[in-house]
Amino acid sequence: MLAQRFTQQSARRLLTNQPTLSRFAPPVAFAVNRSLPQARHVAFQPSSPVETTPAKSSDAYTILAAQRRQRPVSPHLLIYRPQITWYISGLNRITGSLLSGGFYIFGAAYLASPLFGWHLESASMAEWFGGLNSIVKGGIKFAIAMPFCFHSWNGVRHLVWDTGREFSNRQVQVTGWIVVGVSVVSASVLAFLV
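Using numbering that gives the first Met the number 0, the letters of the sequence shown correspond one by one to residues 0 to 193.
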């Protein structure tokens, strides 16, 4: 390691002291942030020898802009057929953020509730929730249970991937749909049967 560093430093010092060598080792010159004159390459024509001339720094941007206009345009994301893997990946991140954010917000509100006169203690929340219609209760419980179940089952799916299994495209799609189905069923059981 020390010998490699010494060699690199020596090469950098050599190139900064002798600029004629810089055309033979441009990667080293770029490593030391040394500006090299840009040259435009032309096709070789044996009948008339052509000298390459360094480009001016003001022309460098126009050359780059002209090159960029010739590049193919990348297609927009909406031209691709949506896949279950896109939605599962996005929903996993969203549900994780909702669960952790909701936990922190409720925790902070619970701690600050005596200062503001809020009644977030268990007895008052149980009384409020008990006074709701059974359909509304089930909807609220499902809205809380669904992100938790989905994020948990998708975490199990990722743990299976960590073992090196279920990596083919077909298996990833099948396990994605399995996670969605099991999440809906388990959230429904938690919301309406428990």
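Hint data in this document are derived by calculation from the structure and do not stem from the laboratory. Among these hints, one or two may not hold up.
Stated by the list, open to error - Listed next, with one range per pair, are the computed distances between beta-carbon atoms:
#1 Thr52 <-> Leu1: 41 to 47 Å
#2 Tyr86 <-> Gly163: 22 to 28 Å
#3 Ile104 <-> Leu192: 47 to 53 Å
#4 Ser123 <-> Val159: 20 to 26 Å
Where a beta carbon is used, it is the ideal one built from N, C-alpha and C, also for glycine.
Each hint tested on the structure:
1. Between Thr52 and Leu1, the C-beta spacing of about 43 Å keeps the proposed range 41 to 47 Å intact.
2. Taking 22 to 28 Å as the suggested C-beta distance range, the pair Tyr86 and Gly163 conforms, at roughly 24 Å.
3. About 28 Å separates the C-beta atoms of Ile104 and Leu192, a value inconsistent with the hinted range of 47 to 53 Å.
4. At about 42 Å, the CB distance of Ser123 to Val159 disagrees with the hint of 20 to 26 Å.
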